[in-house]
Amino acid sequence: MSDDSFEPKIVGFLCNWCSYTASDLAGTARMKYAPNVRIIRVMCSGRVDPTFLLKAFAMGADGVMIAGCHPGDCHYQQQNYKTMRRYAMIEQMLPQMGIERERVKLVWASAAEGQQLAEAIDELSEAVRKLGPLNWSRNWEENGGRIEALEAIVKEHEEALEVQS
Amino acid sequence: MITTQKSARIGVYICHCGTNIAGALDVEQLTAFADKLPQVVLAKNYKYMCSDPGQDLVKKDIAEHGLDRVVVVACSPLLHEATFRKAAEDAGLNPFLVQMANIREQVAWVTRDKVDALEKAKAHVAAAARRVAQHEPLERKSVPITPRVLIVGGGIAGIEAALTLADADKEVILVEREPSIGGHMSMFDKTFPTLDCAACILTPKMTAVKSNPHIKLLTHSEVEKVDGAVGSYKVRVRRKARYISEENCVGCMACIDECVFPKPKFPNEYDQGLGLRKPVYLPFPQAVPPVPIIDPETCLQLSKGQCKQKCVEACGERQAVLLEQQDSIEEFEVGAIIVATGFKPFNPSVMPYYGYGTLPNVYTSLEIERLINAAGPTGGKLMLRDGSTPKRVVIVHCVGSRDKNYHTYCSKVCCMYSLKLAHLVKEKTEAEIFNCYIDIRTPGKGFEEFYNRVQNEGVHFIRGKVGDVSPVVSDNGQPTNMMTIQVDDTLLGKVRKIDADMVILAVGLEPQKDAEEVRRMFGISCSTEGFFLEKHPKLAPVNTANDGVFLAGVCQGVKDIPETVAQASAAAAKALALIDRGSIELEPNTAIIDEEHCSGCRVCNNLCPFEAIEYDEEKGVSRVIAELCKGCGTCVAACPAQAITGVHFTNNQIIAEIEGVLYDSAPPRKEAVSV
Ligand SMILES: Cc1cc2nc3c(=O)[nH]c(=O)nc-3n(C[C@H](O)[C@H](O)[C@H](O)COP(=O)(O)OP(=O)(O)OC[C@H]3O[C@@H](n4cnc5c(N)ncnc54)[C@H](O)[C@@H]3O)c2cc1C
Ligand code: FES
Chain A
21 MSDDSFEPKI VGFLCNWCSY TASDLAGTAR MKYAPNVRII RVMCSGRVDP
71 TFLLKAFAMG ADGVMIAGCH PGDCHYQQQN YKTMRRYAMI EQMLPQMGIE
121 RERVKLVWAS AAEGQQLAEA IDELSEAVRK LGPLNWSRNW EENGGRIEAL
171 EAIVKEHEEA LEVQS
Chain B
47 MITTQKSARI GVYICHCGTN IAGALDVEQL TAFADKLPQV VLAKNYKYMC
97 SDPGQDLVKK DIAEHGLDRV VVVACSPLLH EATFRKAAED AGLNPFLVQM
147 ANIREQVAWV TRDKVDALEK AKAHVAAAAR RVAQHEPLER KSVPITPRVL
197 IVGGGIAGIE AALTLADADK EVILVEREPS IGGHMSMFDK TFPTLDCAAC
247 ILTPKMTAVK SNPHIKLLTH SEVEKVDGAV GSYKVRVRRK ARYISEENCV
297 GCMACIDECV FPKPKFPNEY DQGLGLRKPV YLPFPQAVPP VPIIDPETCL
347 QLSKGQCKQK CVEACGERQA VLLEQQDSIE EFEVGAIIVA TGFKPFNPSV
397 MPYYGYGTLP NVYTSLEIER LINAAGPTGG KLMLRDGSTP KRVVIVHCVG
447 SRDKNYHTYC SKVCCMYSLK LAHLVKEKTE AEIFNCYIDI RTPGKGFEEF
497 YNRVQNEGVH FIRGKVGDVS PVVSDNGQPT NMMTIQVDDT LLGKVRKIDA
547 DMVILAVGLE PQKDAEEVRR MFGISCSTEG FFLEKHPKLA PVNTANDGVF
597 LAGVCQGVKD IPETVAQASA AAAKALALID RGSIELEPNT AIIDEEHCSG
647 CRVCNNLCPF EAIEYDEEKG VSRVIAELCK GCGTCVAACP AQAITGVHFT
697 NNQIIAEIEG VLYDSAPPRK EAVSV
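Chains A and B are the protein sequences, given in the same order.
So the first sequence is residues 21 to 185, counted in my numbering.
So the second sequence is residues 47 to 721, counted in my numbering.
Any given hint could be a false lead.
[What the hints assert, rightly or not] For each label pair, taking beta carbons as the anchor points, the in silico distance ranges come out as: (1) Lys-350(B) - Ala-108(A): 48 to 56 Å; (2) Phe-26(A) - Pro-583(B): 35 to 43 Å; (3) Pro-634(B) - Gln-116(A): 56 to 64 Å; (4) Pro-634(B) - Gln-135(A): 29 to 37 Å; (5) Gln-135(A) - Asn-140(B): 33 to 41 Å; (6) Gln-135(A) - Pro-310(B): 48 to 56 Å; (7) His-111(B) - Gln-116(A): 45 to 53 Å; (8) Gln-135(A) - Glu-74(B): 49 to 57 Å.
It is worth saying that the hints were derived from the structure and are not from the lab.
Since the model is a prediction, treat every value here as computed from it, not as a measurement.
Built from N, CA and C at the ideal position, the CB exists for glycine as well.
Please model the complete structure; the sequences and the hints are all you need to start from.
Have a look at this one:
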């Protein structure tokens, strides 16, 4: 797995109010960090549907970051607690699907914590680099019937969600 | 699960932002890349997209090339999304058919390597183009704004903001938690650099607040709860029992005179505990409202249930003394909120080497302000604890500031107020004065001149941090009034010892103790040192990330009175600009439930903290109340039937973005390669 030229691709879901602002701040302050996290803005970390993670992995992502406001600071009062609950479920779910837990990271960054967010991105990039490429979709291909398998996972996840909430 | 591409005619515009972006990655290559993306009709780059010619470029192309979607690849959407939406709208395109790719803050400024930057930028561009194809035209809803402003904190910041708004005939609710407004400024004797008497310039403003018909002043009160959103916040205020009716009291102070305690006995908080008061008291002579208050902890009737209640008798038929009074709750609806909760002085008792709290004649600067104030506990006579006049005074600068063990920031006002105190103490006592400083910082109008003046008055300046203050013991072992102050004189390069009988600690300014709760209540953030965070440090210094909540005064960061007043006026103007519009347009990104697909499982019902989802028993489906929905999207993510759409953050739109950022990764299906 260790490949020197391997550059992990990580999808980052950042909430609009704290963590996206933190990433803007990291920029304004010209902090340099790893280029591996590609950022998608959502209004709240609570919007991050676990299927988005599966989608990202299926599309070839090697890791996923979810970033939100600190507990108690969510712009929508308490939605990041729901993110936390989902994250606990995601952590359980990933290994069952052959994905190392370390590939997903939940980060809290306030609008003033550009530095912390940059560090978290560096850390996750390093951790995923060590794990090597995931190639999840290729693995499915080898097994054949990957789309069906994917859909089965999505369904399984939806059922899990139902039990969760 | 793969988004099907809708037919679209997309224009992509890449901004150089001078050299901010163009210097960090190859914009020509990025443009060539964008040009080849599916459904992209044209891709261009330009020096400054946000400039008028930049925007005109977009407008012209919309007309000439029939673009129906626009991607602007530039800075953060939090900065310029509104600009480009407006440009699209001007050209007849629905503003929600625009998407920004943030390659300045999130790529150009943070990536070391130019090639890496180009690769990451490509991913962001591909994501934006793929997402925008999924956008739908949307309409903003307009809701009325309540033309009333809540101001929290009645220091000089809150006072100034309240008066400005009232001048514009707007209603203001001013909530102050102390029994009087005035804040820290009302405690000072004089103010730097002009040495204006603080009371002379502040008292007229305080009484103007009280008498202004547009201002509802609630002292000894606190905001307990804030609901709603910009335009119509619902706030609940607790008016703590004062035990004296503000309506009935005429301010004769007979209750104080007649109180069963013949003499003041308890430390007056307002005098920093240096003066005494009775259980019924007026915090200071110029207090507004000029209505006494009864402290339930020291009042015999309220604490022990037995007292002759002379105060009630003295008040007589006015019946203003209400020992039965309870806290009351008042609710208001306001369109905007100004937070002006100020600061608290640093408490130096955590630095044992300065002897504060153990050596009697070590004072904080605020205590000295009270001691030299003509209306203070000593009538303006500066004296030591034993009543004698100080002869040698050391002022220690930067206590708690510029110190990595406490606050690393500079409190900004301490140098100037230390110079002011040096001048005032010298004037009053003719004592010999030593200012021990790290650096003297006097950037401000008339500040350096004031520094020169104080130097010429014979005040000594020693450049060095004070390391220790210890008591001097007399030859026969008796403690004396004197103390030895050790300072590492960095100009002489040696440790000096100065004997003095008074030490003044120039304590820094720090966030209020309850800043954390306050900021949560108003949905705003803090910077690392704990002061409230403005929306933009340069361009939106009084706004917060929470629309409709503005900041004024030291609660946003350390500043002196002139800066506080300027900022308070700005906050008032911003609030006025908002509420004066009459109505406000809301972002349309609420959730919508498709009743066809809703199975009525009610998973979403409990997820919403705003109670915006109701359940229709009859139909067995859930429904979103659009007015209450704030658009976080948590219910959308949780719906097992995918029956909820998060408008402008639909599953398809987000998935399109995921596909976009991973355009260069191993794809599971052929269609996705096409990007
Ligand atoms: C010793 C000292 C000397 C100084 N001398 C000078 C000087 O000479 N010249 C000068 O320009 N500046 C001076 N300053 C700085 C000056 O004090 C500040 O610039 C100014 O007081 C800031 O005003 P403010 O209204 O922001 O805050 P504050 O004066 O702190 O007022 C805040 C108000 O809000 C109230 N409040 C707080 N929290 C709540 C809440 N949750 N609910 C309701 N109410 C609340 C407080 O009770 C207070 O009344 C000095 C500062 C110190 C410490
Ligand atoms: S808004 Fe940031 S986590 Fe909810």
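Verification of the supplied hints:
1. Restraint check, Lys-350(B) to Ala-108(A): a C-beta distance of roughly 53 Å satisfies the suggested window 48 to 56 Å.
2. Taking 35 to 43 Å as the suggested C-beta distance range, the pair Phe-26(A) and Pro-583(B) conforms, at roughly 38 Å.
3. Remark: the range hint 56 to 64 Å for Pro-634(B) to Gln-116(A) is contradicted by a beta-carbon distance near 39 Å.
4. Taken as a hint, the range 29 to 37 Å holds for the pair Pro-634(B) and Gln-135(A), whose Cβ atoms sit roughly 34 Å apart.
5. Distance hint for Gln-135(A) and Asn-140(B): a CB-CB separation of about 39 Å, consistent with the stated range 33 to 41 Å.
6. For Gln-135(A) and Pro-310(B), the hinted distance range of 48 to 56 Å is satisfied, since their beta carbons lie about 51 Å from each other.
7. Distance hint check for His-111(B) and Gln-116(A): the Cβ-Cβ separation is about 50 Å, which falls inside the suggested range of 45 to 53 Å.
8. Remark: the range hint 49 to 57 Å for Gln-135(A) to Glu-74(B) is contradicted by a beta-carbon distance near 33 Å.
In terms of the numbered hints stated before, the structure departs from hints 3 and 8, listed from lowest to highest.
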